[in-house]
Amino acid sequence: MALNVIDLIMADHRDVEMIFEKLKKQPEDRPALVAELAAKFVAHARAEETQVYPELVKAAPGERGEVHHGVEEHHEAEELLAQLMDTDPDQREFLTVLEQLVKAVKHHVEEEESDILPAMAKAIPGDKLLRLGRVFSQAKAEELAKPPKPKGRTRQELIEQAKEKGVEGHSSMTKDELITALGG
Numbered sequence: 001m002a003l004n005v006i007d008l009i010m011a012d013h014r015d016v017e018m019i020f021e022k023l024k025k026q027p028e029d030r031p032a033l034v035a036e037l038a039a040k041f042v043a044h045a046r047a048e049e050t051q052v053y054p055e056l057v058k059a060a061p062g063e064r065g066e067v068h069h070g071v072e073e074h075h076e077a078e079e080l081l082a083q084l085m086d087t088d089p090d091q092r093e094f095l096t097v098l099e100q101l102v103k104a105v106k107h108h109v110e111e112e113e114s115d116i117l118p119a120m121a122k123a124i125p126g127d128k129l130l131r132l133g134r135v136f137s138q139a140k141a142e143e144l145a146k147p148p149k150p151k152g153r154t155r156q157e158l159i160e161q162a163k164e165k166g167v168e169g170h171s172s173m174t175k176d177e178l179i180t181a182l183g184g
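Using the UniProt record's numbering, read the sequence shown as starting at 1 and increasing by one per residue.
A few of these clues could be false.
Taking lysine-lysine and the DSS-like style, the derived pairs with C-alpha atoms no more than 25 Å apart in a straight line are [claimed, not checked]:
#1 LYS122 x LYS106
#2 LYS122 x LYS58
#3 LYS103 x LYS25
#4 LYS24 x LYS106
#5 LYS175 x LYS165
#6 LYS40 x LYS175
#7 LYS175 x LYS146
#8 LYS106 x LYS22
#9 LYS103 x LYS24
#10 LYS146 x LYS40
#11 LYS106 x LYS25
#12 LYS163 x LYS175
#13 LYS24 x LYS40
#14 LYS175 x LYS103
#15 LYS106 x LYS40
#16 LYS106 x LYS175
Quick caveat, the hints were computed from the structure, so don't treat them as lab data.
Work the whole structure out from these sequences, hints included.
The structure is reproduced here in structure tokens:
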């Protein structure tokens with residue numbers, strides 16, 4: 001049975017929650033689990049931001065604020081994820097950063113599942129939710145197939161550079177948009 005986009009998003013949420021539990025309980029597997037978490041989280045976030053959220057805004061323009069807030073929460077979590085990836089998994093600091101990431105993602109998931117997804121279920125017809133599920137899944141697959149990006153500047157560092165250079169709209173740009181706006 002084909003799953004609609006809401007079911008797929010919620011399945012991803014449960015998957016990330018399971019990875020968080022493994023990160024806490026299986027310290028020997030942390031390097032691989034962090035890599036898996038990073039790949040899945042980024043693919044999920046990009047697919048939502050490029051394929052799902054725009055469809056919700058088209059169907060329910062009043063949800064624009066919630067969608068923007070969801071994107072900001074993705075960016076916050078990605079910054080914490082980058083920090084986690086840069087932290088030695090055997091150090092105490094790893095668990096501190098992990099807890100911050102878990103808290104941020106849990107907050108986002110709760111808001112998305114109580115606000116954004118119900119609005120989507122109400123505003124978008126069932127057959128379109130099924131098609132959007134396929135589009136979402138394909139976008140995730142394409143993101144997962146991309147080669148990993150080299151570690152570089154954080155989004156916050158890029159925002160500071162953009163602010164210094166007077167780039168308009170820098171606070172709402174994605175990391176990739178900031179890199180482009182700053183000339184690479």
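Quick rundown of the hints versus the structure:
In summary, the hint linking LYS122 to LYS106 is supported, as the alpha carbons are separated by about 23 Å, within the 25 Å threshold. For the suggested pair LYS122 and LYS58, the alpha carbons sit about 13 Å apart, so the restraint of at most 25 Å is met. For the hint pairing LYS103 with LYS25, the CA-to-CA distance comes to about 17 Å; that is within 25 Å, so the pair holds. Between LYS24 and LYS106 the alpha-carbon distance is near 15 Å, which keeps this suggested pair within the 25 Å criterion.
Restraint check: the Cα-Cα separation between LYS175 and LYS165 comes to about 16 Å, which is no more than 25 Å; the hinted pair holds. Of the supplied pair hints, the one linking LYS40 and LYS175 holds, its CA atoms being roughly 17 Å apart against a limit of 25 Å. Between LYS175 and LYS146 the alpha-carbon distance is near 16 Å, which keeps this suggested pair within the 25 Å criterion. For the hint linking LYS106 to LYS22, the alpha-carbon distance of about 16 Å falls within 25 Å, and the restraint holds.
With a C-alpha separation of about 14 Å, the suggested pair LYS103 and LYS24 falls inside the 25 Å cut-off, and the hint holds. At roughly 12 Å between alpha-carbon atoms, LYS146 and LYS40 fall within 25 Å of each other, so this suggested pair holds. In summary, the hint linking LYS106 to LYS25 is supported, as the alpha carbons are separated by about 18 Å, within the 25 Å threshold. Taking the CA atoms of LYS163 and LYS175, the gap is about 14 Å. The hint holds against a cut of 25 Å.
For the hint pairing LYS24 with LYS40, the CA-to-CA distance comes to about 18 Å; that is within 25 Å, so the pair holds. A C-alpha spacing of about 22 Å is found between LYS175 and LYS103, which places the hinted pair at or below 25 Å, so the restraint holds. Under the criterion of a C-alpha separation no larger than 25 Å, the hint pairing LYS106 with LYS40 is consistent with the structure, at around 16 Å. Between LYS106 and LYS175 the alpha-carbon distance is near 22 Å, which keeps this suggested pair within the 25 Å criterion.
Consistency note: the structure conflicts with none of the earlier hints.
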